[in-house]
Amino acid sequence: MIEKLPPHQYRLIKALGTGGDKTTVEQLVALSGVDQALISAAAVELASAGYTEIEEQPYTELRLGELGAAIGRGEAELPERLLARALLVRQGSATVKDLMDDKKLVDAGIQPGKFAKKLVELNWATFDQGTLTLINGAENQEPSACDIEAALTAVHVSGGVMNIDSKSDPRILSGVKRLKGRKELLVARDRSRKYVSLTYEGKLLAAQVAGGTITELIEASELTPEMLSDGSWRKMQFRQYDVSLSAEKAVPGKSHPLVRVIEQTRLAFLELGFTEASCPMAEMAFWDFDALFQPQDHPAREMQDTFYCKTPSSYPLPDQEIVERVRQTHEDGWETGSRGWRYKWSPERAAQVVLRTHMTASSIEAIARNPHAPQKIFSIGRVFRRETVDYKHLPEFMQVDGIIIDEKASFASLLGTLETFYHRMGIPEVAFKPDFFPYTEPSVGVQIKWGGQWFEMAGAGVFRPEVTEPFGCKVPVLAWGGGLERLAMAIYNVNSIKDLYQSDLDWLKDARLSGIIP
Amino acid sequence: MPVIGISVARLHELLKSDISQEKVAELLEQIGCDVEGVVNVRRFISKHSDYVIEVTPQESLPLTDPTSGFTGDRPQDVWAEAGEETVVRLDLLPVRPDIFDAGGLARALRGYMGVETGRRDYSAATPTWRVEVDARITDPRFKRPLIQCAIIRNLEIDDNLLRAIMRLQENLHWALCRDRKFASIGAYDLDTLENPIRYTLVDRHAFRFKPLFWGQRDPVSPETMLTEHPKGIDYAHLVEGMDELPALLSANENVLSLPPIINAEETKLTTNTKNVLVDVTGSNERVVEKAISILATSLVELDPRGQATLERVEMAFPDRTLTTPALAVDEFSVDPAFAQRWLGIDISHQDCVELLNKMRHEVVDHGTGRPLSVRVPAYRCDIMHEVDLVEDIAIAYGYHRIKPELVPTFTAGQGLAINTRSRQAAAALTGLGFTECLSLVLTSERNHYEKMRREISARRVTLANPISQDQTMMRENLHSSLLELLALNTDHPLPQRIFEVGDVVTYAGAPADQPRPREVRMIGGAICATRAGYAGGRSVLDALLHEMGIDSALIEYRAEPNPSALEGRSATVYRKDSESVLPIGEVFEVHPEVLENWRLNNPVLLFNLVLGDVEYHH
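From first to last, the protein sequence lines stand for chains H and G.
Following my numbering, the numbering of the first sequence begins with 1 at its first residue and continues without gaps.
Following my numbering, the numbering of the second sequence begins with 1001 at its first residue and continues without gaps.
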């Protein structure tokens, strides 16, 4: 047994009780004082409960166009009629060519050729080989009013706007049909009207509402500070929401996806007991190349691949003893047991300023600062390669580089460290294959599997004695370096590296903090 | 990295073992090759030269034949179909030119598979041919004084082999000889030549010869060849300024080649060739020696019947005589105990011997507990220290079999304070609803100064070899980076609130004689909205200063001229230290002219704060 109805439903039932059968929504708005959206919603709610029925009826809304309105006011004539009159002046018959000179037609902007067919359709004239002849024109009789004029008149009489449906006057209907596309005369829009009526159960409900056995439920839409301060919330009923509906989109301020990967990388290495280091972006070639036993004629050092600085063009070389050992190691291996590269090493080339091409420069500087075991060091920073911008390449990208200086370090512990690092980055599958780098031996390429695909992620190896011994480091040094963009691109499903640095704000706001879970 | 296609059929033939295509690809990966895949390629021969190209199903035919330089409107004007083949495509491994061809690869794989191990002795025959080197060539003023030759006899050359030799030559030129800068290579039909060969100089204008791929045209002078032949045009820079050019001539007046540019038509290799002479000329002794070793041994390896033999050539220099190829082995001492420690794998003395044999080295075993003597074949370019052989041991063992472990030593980690500060500052701005962006450190004078209405700084870091006019220098601040990002996002709804934490490079405050600039970490932000006033930026900067622990009593906002700002809407933030007052930040409404320069249609407010100098270590 219902005792109370929510406000809009209550008012709707009440309005239907007075409005009679088949009440339009517009009428219900007027009767109930509830706005259209809410009364419609109430009607739908009650219909699903079986109290009301909603019927939709199509109709056409007619509005006079500018010319149509003028005709209605008697200030203008239908073009067809003007054309008929022009024929009458010419004894009921004339060629289109003749009619084109008619001043009245020209003034009204009527092209006789265009309207000749319409006169035939109205059964006012015949058209044969360019000659238009008015039926009954010989009797000097103007055609009687047509359905177009009837329709225009009807709309004018009802104040310029009129609704019709399939049951309206057939003459008006045919006039409207003929006027299709002539917006200057008449605009017709298809619309529909909703009627709400009470079912049998609804009528019983309406009787109870009218009799006062069912009353209106007093409902609040939201809790207010006043309700809390005066305690009135206790007497309130709160409207229940449809919680399945969506709400307005909110976007938090966020860190950049690549920065998140960088931070995750820092955290992983810090957790593994690594100390952080870095080095200058505008770096001496000595640290970027020579100290890493990269010969001065190595292709990577060519102007084609590495950015050289015009200003500053060189830095003072470090400690002379160190420089001398590096020189000898390049030339003949020094005391390292190596054959060396066998060429004449140039201190000028080593003093040149380059934009660091890898963070390994930071690793070797760390060894130069302190060559003693045990140490674990990592460096993250922007590195530069002379690449033109495309979807895979930018002249700048982020790299992480790490070293372990340890008596007990080995190639196997290098693989283990890398595997552990990638596991911490959320990547379960890591594979290793032989590779080549001038400063490590053995060298290894590190691949990770993400979303069913293998990606080349990093290069690693054990530093050659030619790299470490000139700095007084006699124990194995494990080293690795890898780009972070590729990792970020995999995790955030980015196709072009450009998107990370020349970003679309929509994408930045959209990129989830969690990344893509594959 | 160039990609090479190795014929699967040829490789199988040379492997002397019947294994599947998949297995071959797997083994190649294990020895360090980057296998792109096994594909069917269609082969086309140029209608204008003998040049052959291979095209994968994804590739389209070029409209130009690179050797003759002929260009057609349609591919069929240039190329004729010449069959198809299954190839395994590999990224060229520049450090291992000895495995650029099917012969060298098969040699390595046979060892890895254990089919044929140890160093192969090519037992070259004593010389019957002689090359006489002109004194003008060995003159110190001449830049390419070196030459080494070899003869390969009883080689059955078919289409496939001819192509393989051509490819090997191209790849060696590229990777080992650095595009012919260090050395260049030639191969000739020995039976078109007469003993002795002369390495001499010929006149740039008077001399006549018919270069390779010259078709039916008349013989030309070197000068004409250098200006009209595609290869001549490509490599003319190597003989620039020389009135006389180096040439290899046969006693019967046949021309072999004009190194380092091009061979002659009359002595070229054909499918009728049985005996081959190869030469390497150049400036770099190590490269010349490696190139002749690789070329000579790979050609022997490429012979599918295994009957080709090597013959040395006598090289008569004005002051000495050499017989080449020397194929000298290089001997290293390798301690198995060291290898075991370095690699962290459990291998015995005997394992080391076997693994080195698999890598085609010759091992002299002096007994357990004593280091091995390892003789490295002459064709290997990458062995200069014991550790290089330790790597060979690791590869022969198989990286996939190594059990990853961790270093047992404890160390305490520590991050750089500047990075911790950076993330604190970023957290403050994300909390205020700003979106973090990243941009490039490289910028241009146009973007960094002109568009910002600023004067170009006299001291800044500029590039000697920029690759784009947008990246010619390192940025001094973050302003132009932020505006550039807004300019990319003009269709994004307003308001836009963005920031970047980035490094800038500046000489501000540096003494004039200090070559190193300061590298400074900054945080900078922008607000772009229909109304973006000074006050809004000021409150953000105040919040940032507060969160970064900078006491407001130490802060002073001063009005200072700022050409990028609307006058009277710009402040420089100073921090009062015990002894000095330092500028640490800025906040300003961007000048409308600057907005126009960036094609921005809405007001923008910019702010920034110095977080500190970039730290390099604790």
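I should point out that these hints are in silico values taken from the structure, not numbers from a laboratory.
It should be emphasised that the depicted structure is a prediction, and the values quoted were computed from it without experimental measurement.
Beta carbons: idealized from backbone N, C-alpha and C, even for Gly.
Treat the hints loosely; a few may be bogus.
Said to hold, decoys possible - Covered stretches of chain H (chain G as the covering partner; in silico rule of three or more C-beta atoms under 8 Å from a C-beta of chain G):
id, stretch
1, 50-60
2, 202-211
3, 266-276
4, 401-412
5, 430-436
6, 459-469
Stated by the list, open to error - Below, in silico cross-link-like pairs of lysine-lysine (DSS-like), each with a Cα-Cα straight-line distance of 25 Å or less:
id, chain 1, residue 1, chain 2, residue 2
7, H, K344, H, K408
8, H, K167, H, K183
9, G, K1403, H, K449
10, H, K180, H, K117
11, H, K392, H, K249
12, G, K1274, G, K1016
13, H, K180, H, K118
14, G, K1181, H, K344
15, H, K117, H, K103
16, G, K1274, H, K433
17, G, K1023, H, K433
18, H, K392, H, K433
19, G, K1016, H, K344
20, H, K183, H, K104
21, H, K177, H, K167
22, G, K1403, H, K408
23, H, K449, G, K1181
24, H, K118, H, K103
25, H, K114, H, K103
Does the stretch 401-412 of chain H contain three or more residues whose Cβ lies closer than 8 Å to a Cβ of chain G? Contact hint for the stretch 401-412 of chain H vs chain G: holds, 8 residues under 8 Å.
Can you confirm whether chain G covers the stretch 459-469 of chain H, using C-beta to C-beta distances below 8 Å and requiring at least three such residues? holds (count 4)
Hinted pair, alpha-carbon criterion (25 Å max): K118 of chain H, K103 of chain H. Please report holds or violated. Given that 25 Å is the threshold and the Cα spacing comes to 20 Å, the pair holds.
With a C-beta cutoff of 8 Å, work out whether three or more residues of the stretch 266-276 of chain H approach chain G closely enough for the coverage to hold. The restraint on the stretch 266-276 of chain H holds, since 9 of its residues have a Cβ under 8 Å from chain G and three suffice.
Mind checking the alpha carbons of K1023 of chain G and K433 of chain H for me, to see if they're no more than 25 Å apart? 16 Å, holds
Hinted pair, alpha-carbon criterion (25 Å max): K177 of chain H, K167 of chain H. Please report holds or violated. 14 Å, holds
Given the hinted pair K1274 of chain G and K1016 of chain G, is their Cα-Cα distance within 25 Å? Within the cut-off at roughly 23 Å; holds.
Regarding the pair K117 of chain H and K103 of chain H, is the alpha-carbon distance no greater than 25 Å? With Cα atoms ~21 Å apart, K117 of chain H and K103 of chain H stay inside 25 Å; holds.
Given the proposed pairing of K180 of chain H with K118 of chain H, does the C-alpha separation stay at or below 25 Å? Holds. K180 of chain H to K118 of chain H sits at ~13 Å (cutoff 25 Å).
Hinted pair K180 of chain H and K117 of chain H, Cα distance within 25 Å: 15 Å, holds
In terms of beta carbon proximity below 8 Å, does the stretch 50-60 of chain H have 3 or more residues touching chain G? violated (count 0)
Sort out whether K449 of chain H lies within 25 Å of K1403 of chain G, counting only the CA atoms. Holds - the C-alpha atoms of K449 of chain H and K1403 of chain G are around 19 Å apart, at most 25 Å.
Hints 1, 2, 7, 11, 16, 19 and 23, counting from the list given before, are not met by this structure.
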